Every structure is written in C-alpha cells, then in structure tokens.
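Chains as they are written, first to last, in my numbering: chain A, 1 to 499; chain B, 1 to 228.
It is worth saying that the hints were derived from the structure and are not from the lab. Being a predicted model, the structure only gives us computed values, none of them experimental. Among the clues, some could well be false.
As the list claims (entries may be wrong) - Capping the alpha-carbon separation at 30 Å, the derived lysine-lysine pairs in DSSO-like fashion look like this:
(1) A:324 / A:227
(2) A:108 / A:196
(3) A:227 / A:241
(4) A:499 / B:111
(5) A:241 / A:108
(6) B:218 / A:108
As the list claims (entries may be wrong) - Here are some chain B residues the structure puts well away from chain A; computed CB gaps all over 10 Å:
(7) 122
(8) 139
(9) 224
(10) 228
Unchecked claim - Pairwise CB distance ranges, derived in the manner of DEER restraints:
(11) B:104 / A:463: 35 to 43 Å
(12) A:159 / B:115: 39 to 47 Å
(13) A:220 / B:125: 32 to 40 Å
(14) B:214 / A:273: 44 to 52 Å
(15) A:216 / B:125: 28 to 36 Å
(16) A:490 / B:104: 35 to 43 Å
(17) B:115 / A:399: 53 to 61 Å
(18) B:214 / A:418: 43 to 51 Å
(19) B:146 / A:408: 48 to 56 Å
(20) B:135 / A:337: 54 to 62 Å
(21) A:216 / B:146: 52 to 60 Å
(22) B:115 / A:408: 46 to 54 Å
(23) A:220 / B:146: 33 to 41 Å
Don't be surprised by glycine CBs; every beta carbon is placed ideally from N, CA and C.
So the chains spell out like this:
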Amino acid sequence: MVVGNLPSWKPFSQWQSTSKLSNTCKNEFSVTCRLLFCNCAVLLWKPLLLSFHLSSSSSLRAGLRRPFSLSISASAVREGDPAVGSVSLGHVTRTDFPILHQEVNGSKLVYLDNAATSQKPTAVLKALQNYYEAYNSNVHRGIHFLSSKATDAYELARKKVAAFINASESTEIVFTRNATEAINLVAYSWGMSTLKPEDEVILTIAEHHSAIVPWQLVAQKTGAVLKFVNLDETESPDIEKLRQMISRKTKIVVVHHVSNVLASVLPIEEIVVWAHDVGAKVLVDACQSVPHMAVNVQDLDADFLVASSHKMCGPTGMGFLYGKRELLSAMPPFLGGGEMISDVFLDHSTYAEPPSRFEAGTPAIGEAIGLGAAIDYLSGIGMQKIHEYELELAKYLYENLLSVPNIRIYGPVPSGNTNRAALCSFNVENIHPTDIATFLDQQHGVAIRSGHHCAQPLHRYLGVNASARASLHFYNTKEDVDDFVRALNDTVSFFNSFK
Amino acid sequence: MISSPFNSIVPLSFSSSSSSSGSVMLPNLYDYPRPKRTNFTSRNLAFMPLKCIHKYRFDSSSESDARFPSFSASCLTATDARLTSSDLVADRLRRVVAEFRSLPEPIDRVKRLLHYAALLPPLGDSARAPENRVTGCTTQVWLEAELDELGRVRFRADSDSEISKGFCSCLIYMLDGADPEEVVKVKSEDLADMNVGLHGKSHSRVNTWHNVLIAMQKRTIALLAGSE
Chain A
1 MVVGNLPSWK PFSQWQSTSK LSNTCKNEFS VTCRLLFCNC AVLLWKPLLL
51 SFHLSSSSSL RAGLRRPFSL SISASAVREG DPAVGSVSLG HVTRTDFPIL
101 HQEVNGSKLV YLDNAATSQK PTAVLKALQN YYEAYNSNVH RGIHFLSSKA
151 TDAYELARKK VAAFINASES TEIVFTRNAT EAINLVAYSW GMSTLKPEDE
201 VILTIAEHHS AIVPWQLVAQ KTGAVLKFVN LDETESPDIE KLRQMISRKT
251 KIVVVHHVSN VLASVLPIEE IVVWAHDVGA KVLVDACQSV PHMAVNVQDL
301 DADFLVASSH KMCGPTGMGF LYGKRELLSA MPPFLGGGEM ISDVFLDHST
351 YAEPPSRFEA GTPAIGEAIG LGAAIDYLSG IGMQKIHEYE LELAKYLYEN
401 LLSVPNIRIY GPVPSGNTNR AALCSFNVEN IHPTDIATFL DQQHGVAIRS
451 GHHCAQPLHR YLGVNASARA SLHFYNTKED VDDFVRALND TVSFFNSFK
Chain B
1 MISSPFNSIV PLSFSSSSSS SGSVMLPNLY DYPRPKRTNF TSRNLAFMPL
51 KCIHKYRFDS SSESDARFPS FSASCLTATD ARLTSSDLVA DRLRRVVAEF
101 RSLPEPIDRV KRLLHYAALL PPLGDSARAP ENRVTGCTTQ VWLEAELDEL
151 GRVRFRADSD SEISKGFCSC LIYMLDGADP EEVVKVKSED LADMNVGLHG
201 KSHSRVNTWH NVLIAMQKRT IALLAGSE
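Assemble the whole structure, with the sequences as input and the hints as a guide.
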C-alpha cells in the first residue's frame with residue numbers, strides 16, 4: 001500500500017504556496033522524470049510514488065504535481081507503451097488528481113465510477129479558488145473592474161467550450177445547470193413550440209432517463225408520440241430499425257452518442273443524415289462521449305448536443321447545450337428572469353439574443369470558469385490521445401472481466417470494427433449488483449456504481465432490475481482494472497461462500 | 001458461531017429518550033426478561049412465519065444474556081409488564097448498534113449482516129408485489145405491515161439483495177411488535193453508528209437503511225389512519 005503511506009494532502013488553501021522546489025527535490029524530480037521518459041522495460045509506478053514519499057515532504061509533493069504532469073504528459077505518453085506496468089497516460093495524469101491518492105476503508109482507493117462523475121484535476125480546483133479569491137463578481141451587468149474580469153472569464157469559458165466541440169461560434173453554446181437542464185431546455189422551448197399531435201419523437205430504449213422524461217412531459221402536452229428503438233442482436237441500439245422508423249412524421253431524433261450502460265457508440269453522422277432527409281432535427285446526448293473523445297459538432301452536423309461539466313473533469317452545477325444558431329434564434333425562452341431579457345414592461349418583455357435568452361438569472365460563474373479550466377486541461381493532453389488510451393483500457397477491462405465466473409457483461413462484444421467505451425455494466429449470477437458494489441467498497445476500496453444507472457427501460461429490456469458498472473477515465477490504469485477484477489473475484493467467492 | 005462482546009454501553013442518540021417521561025429506563029441487560037409469546041389470532045396467521053424470528057439472536061456475551069440465548073424479537077412485547085414499548089425499541093436499537101460497533105473490520109460487519117439476512121424468513125411470491133415495494137432503493141425491497149390485536153405494528157420484509165435483507169432483518173428485529181408511536185420516532189441517524197452499508201448519516205437516495213425505515217414509518221402512519 002505505497003499510496004496509502006503517502007503523506008496526506010495539504011489543505012486546499014495551501015496549494016498555491018507550494019510550487020517552489022528545494023534543490024534536493026529538484027534533483028529527485030529530474031531523476032524521476034528521466035525514469036519516466038525512458039521508454040524501456042516495465043516501469044512500475046508504485047516505486048516511483050514511494051521515491052516521492054521518501055524524498056519529498058507533503059508540501060513539496062503537492063507542489064510537484066502540476067509541473068510534473070504538465071511537463072511530461074505529452075512526451076511521456078507519446079512514447080509510452082500501453083502495456084501493463086509501463087508509464088501510461090493514466091500513470092502520468094493520476095498525479096494531477098489529488099482525490100485519487102487516498103485510502104478508503106483501509107484500501108487504496110480505486111475509483112471506477114467515472115460515468116457517474118469524473119474527478120477534478122488540480123488545475124480546475126485552482127481556477128475555482130482563484131475566481132473566488134481574486135475576481136468573484138456578477139457578470140454582464142456590473143461596470144466595475146471585478147465584474148468586467150468575471151464577465152471576460154465567463155465568456156472565455158464559453159469560447160473554450162465552443163472550440164472544444166468545434167461549434168462555429170460561441171453564441172451557439174448555452175450554459176445550463178447540467179445536461180438534464182439542457183435537454184429540458186430543448187424539449188420545452190423547441191419541443192413545445194414545434195411539436196403537434198401525431199408528430200413523432202424517436203429515441204432508443206438505452207437513453208438516460210434525463211433524455212426520456214422531458215420528452216414524455218412535452219409529448220403529454222403536445223400530443224406528440226414517442227417511439228423507441230430496441231436493441232439488436234449485438235446488444236447495441238438497432239440502427240437499422242432506427243433508420244426504418246424515421247419518417248415524415250419524425251420531428252426530432254433524441255439519441256445518446258455513447259451508452260452509459262452498454263458502452264456502445266452510435267453512428268451519429270449517419271443518423272443525422274437520415275433525420276435531415278425528412279426534415280427532422282437530432283439532439284445528441286453526448287455526456288459519455290465529450291469527456292472521452294474528440295467530438296466535432298460540425299462534422300456530426302447535429303442540431304443540438306448536450307454534455308455535462310462534471311463528467312469531463314469540470315465542476316458540478318454546470319452543463320451546456322450546443323444548438324445551431326438559426327435554431328436557437330428561433331426558439332422562445334425556457335425560463336424567465338434577469339439576464340435573458342432585452343426590455344421589460346409591465347405587460348410584456350422582449351428577449352435577448354441567444355445564448356443570453358436561455359440563461360435566466362445569475363449563472364454558475366465560477367463553475368463555468370472551472371469548466372473552461374477542465375477543457376484547457378483535457379486539450380493539453382489531447383482528446384485523441386485520451387480516446388486511444390481509453391480504447392486500450394476498454395479492451396483490457398472487458399477481457400479481464402470475462403475471466404470472472406458466471407459474469408454477464410452487457411452491450412456489444414468488442415471486435416475489429418466494434419469499439420466499446422471504457423465501461424462495463426455487468427451482473428454476476430445470483431449476487432445482487434448492489435451487494436457486489438457494497439462489498440467492493442467496504443472490503444477493497446473499489447468504487448463502482450450499482451443500480452439501473454438512470455436507464456430503467458433498458459434494464460427492463462435486458463430482463464434485470466439492476467446491474468453493476470465499472471467506468472474508467474484516462475487517469476485510470478490497467479493496475480486499477482487488475483485491482484478491481486481481483487477484488488471482484490474475491491467478492492464473488494465471499495458471497496458464494498454464504499450460499 | 002457468531003458472537004460479539006457486549007462489553008460497553010454505547011452512547012447513542014435515540015429519539016425516544018426525549019419522550020414525555022423524561023427518564024426512559026433501558027432494561028437491565030443483565031436481567032433480561034424471558035419473552036412471552038403472543039397468541040396469534042386468525043388475523044395474524046399471515047404473520048405466522050414471524051415465529052422463525054424466535055431464532056433471532058443479536059448475541060451478547062454477557063452472562064445473563066447467555067441464559068436467554070434466543071430471545072424472541074417478535075414476542076418481546078409490551079405484554080411484559082416491566083418493559084414499555086419505548087424501552088424495547090431503545091434497547092433493541094442499542095443492542096444492534098453495539099453489536100455492529102464491536103466489529104472493527106468492515107468485512108465482519110458485512111458477514112454479520114449476511115448472518116441476519118439468512119435468519120429473515122423469505123416472503124412468498126404474492127407478498128413480493130409491486131404495491132409492497134419500498135421505493136428508492138437500488139435493490140428490490142418488499143415490506144408488509146399490519147397492526148395486531150394489541151395495536152402493535154408487525155412487519156415482514158424481504159429483498160433480492162442479501163445485504164438489504166440484512167438491513168431489513170435488523171430493522172424488523174428493532175421495530176416489529178413495537179407501538180406505532182415508537183416506530184415513527186426512530187431516526188435513520190440512529191442507525192448510522194452501525195457503520196455498515198452506506199457511510200455515516202448519508203441521505204443518499206440509495207440508502208437502504210433510510211428508505212426501509214421511512215417506508216416502515218409511512219406504512220405505520222397509514223395503518224393508524226386506516227384504523228381510526
């Protein structure tokens with residue numbers, strides 16, 4: 001338990017003051033970097049951590065974290081061999097995530113619940129702290145220095161989001177509380193003003209509840225009909241059926257990009273072409289894709305796309321809606337209040353242009369700036385690099401999980417042309433997934449999710465009430481997967497011994 | 001054989017301790033009364049399997065408890081003149097909390113929970129009905145509640161998860177046969193010291209302890225409303 005023996009992390013308030021390195025530590029740092037850069041053999045991370053432990057105080061370690069990762073991430077990863085034990089992207093980046101270096105229930109924390117939420121790198125925590133310490137102020141209205149600075153930072157975050165998904169302009173990005181609110185915005189604003197009785201909304205049964213329920217509510221009000229696509233024999237959403245289901249009655253297709261349960265990836269470009277052929281719009285729930293791969297809204301030609309900050313290393317309380325400019329401009333407001341108006345009279349108001357029209361009230365300013373910092377961090381690594389590494393992790397996770405007796409992994413079997421996201425939902429025969437998750441946590445410090453993952457219709461289709469899910473991010477390593485699979489085998493043995 | 005030392009009285013916050021009397025006397029653990037059995041009326045036949053809970057044993061290593069190694073949860077009731085219902089709930093809660101607190105290793109607490117899960121008689125298929133589901137749990141939990149002829153609440157529960165079944169088993173041990181007003185007084189915070197399942201005083205929507213307890217209390221309130 002090398003990690004467990006590391007000195008505890010310094011309080012947040014002391015992080016900024018720890019960036020200066022002593023000569024001794026600089027030497028240690030350079031030695032360590034040389035070790036990391038060497039492209040040979042199997043280089044174990046734990047001894048490296050140990051060397052930090054022995055040679056540096058906790059404050060130095062905290063100070064090292066940023067320059068350490070920033071300076072080596074690009075080159076070390078490019079040269080690294082993804083084989084077990086080598087310096088992978090996970091090994092390099094996990095030092096940026098203070099939360100990962102702790103013990104849970106006496107074991108080293110293995111955090112595999114990234115599809116629920118991701119962890120935050122120091123850069124994001126610092127951006128938040130800096131905002132509140134240095135220029136917290138309300139945006140878009142104050143004329144003083146702080147307000148001007150906060151407004152610039154807030155709007156810069158919007159530009160960062162736009163660039164990250166390649167929107168043509170930043171006014172196509174609406175900040176919301178989360179992806180759920182972004183979907184509700186489209187459903188209530190675009191849906192309520194567009195849908196008529198008998199109009200059809202096409203979804204898959206694998207959608208997250210947040211992509212289903214808003215459309216149920218709007219369908220009840222408008223008389224529109226929801227149509228759901230089942231899974232095909234590969235246990236992916238049936239794309240052929242989806243294509244056949246699209247007709248002149250279709251007004252919008254609401255689909256996930258990457259499934260949070262099945263790990264399957266939908267061909268959004270094709271779906272968009274089919275939908276546009278009949279004049280229908282496409283809303284993409286990209287919560288599980290934007291944090292893990294390069295997503296280009298212009299290439300996809302999606303009309304709407306939503307994602308969540310907290311799943312992409314940013315703060316909670318922040319999500320965004322991308323909408324094509326002409327669509328957003330034609331949409332009525334969703335929520336009323338300050339920020340979103342042009343002029344207010346007693347009997348009516350005129351509304352601001354998008355995105356302000358859809359951002360009523362004081363927004364989550366610090367969180368938006370934190371999301372901007374997260375995007376800088378992800379872009380610094382490179383989304384293509386993250387994606388390639390996660391594909392490797394996904395394969396490793398799937399193959400190793402298969403070794404667990406009586407396991408059933410949901411979703412498509414990976415093959416030459418079928419990639420899975422780096423997550424696996426599964427059940428082990430005769431053991432409740434919540435029991436598995438509880439034991440993994442209490443006995444092994446492994447954090448996974450259990451339940452229906454906000455996808456009850458999908459679980460019903462699969463014939464189960466719940467499943468367990470391990471979901472990875474780029475800061476996970478193959479050792480994390482090994483620890484998890486070892487712990488899962490132990491868990492299965494434990495429960496079977498009670499039968 | 002699972003046993004736990006009952007060597008210290010654990011301070012706990014228990015809501016009923018603020019009852020009107022102001023001085024709830026916990027039963028003397030070293031002179032625990034032998035339970036009397038309730039005669040089940042025909043109305044209670046549906047609850048006959050509760051007799052299985054006579055095997056319940058939240059073990060204590062105290063000598064005098066050893067003389068009563070197998071007290072009945074369902075029948076340690078207000079029929080005993082020396083114990084009020086609030087005493088009973090308080091005492092059972094304290095015993096359960098103390099027992100789990102005596103186990104420092106998480107795995108031992110989980111094992112103990114599974115032990116009690118195994119003691120909980122299963123519900124039949126008819127009782128595993130949607131209307132008996134406890135909502136909000138990531139596992140499926142079914143709960144039945146009924147008032148007996150003495151106005152006490154009788155609970156039965158089951159789950160598709162062994163750990164949840166263990167929670168149900170402990171809750172039934174604590175609350176089955178208690179007066180309705182005592183059932184509604186218990187707070188989920190009182191259970192946090194058991195430190196098994198979700199951590200601390202979690203108000204997570206998946207906290208089975210909390211969800212089942214709240215369901216027991218809601219059913220109790222509904223039963224009272226229905227009987228008036």
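Cross-check of the supplied hints:
1. A:324 / A:227: holds, 24 Å
2. A:108 / A:196: violated, 55 Å
3. A:227 / A:241: holds, 11 Å
4. A:499 / B:111: Status holds; Cα separation ~12 Å.
5. A:241 / A:108: violated, 45 Å
6. B:218 / A:108: The given pair, whose Cα atoms are some 40 Å apart, is violated under the 30 Å limit.
7. 122: Non-interface label stands for residue 122 of chain B: nearest chain A Cβ at 14 Å, farther than 10 Å.
8. 139: violated, 5 Å
9. 224: Check passes; 32 Å lies beyond 10 Å.
10. 228: holds, 36 Å
11. B:104 / A:463: 35 to 43 Å: holds, 40 Å
12. A:159 / B:115: 39 to 47 Å: With Cβ atoms ~59 Å apart, the hint is violated.
13. A:220 / B:125: 32 to 40 Å: holds, 34 Å
14. B:214 / A:273: 44 to 52 Å: holds, 50 Å
15. A:216 / B:125: 28 to 36 Å: holds, 31 Å
16. A:490 / B:104: 35 to 43 Å: Given about 20 Å between the Cβ atoms, the range is violated.
17. B:115 / A:399: 53 to 61 Å: violated, 36 Å
18. B:214 / A:418: 43 to 51 Å: holds, 44 Å
19. B:146 / A:408: 48 to 56 Å: The hinted range 48 to 56 Å is violated for residue 146 of chain B and residue 408 of chain A, with Cβ atoms some 38 Å apart.
20. B:135 / A:337: 54 to 62 Å: Distance hint for residue 135 of chain B, residue 337 of chain A is violated at roughly 34 Å.
21. A:216 / B:146: 52 to 60 Å: violated, 36 Å
22. B:115 / A:408: 46 to 54 Å: violated, 28 Å
23. A:220 / B:146: 33 to 41 Å: holds, 37 Å
Violation of the numbered hints given earlier is confined to hints 2, 5, 6, 8, 12, 16, 17, 19, 20, 21 and 22; the remaining hints are satisfied by the structure.
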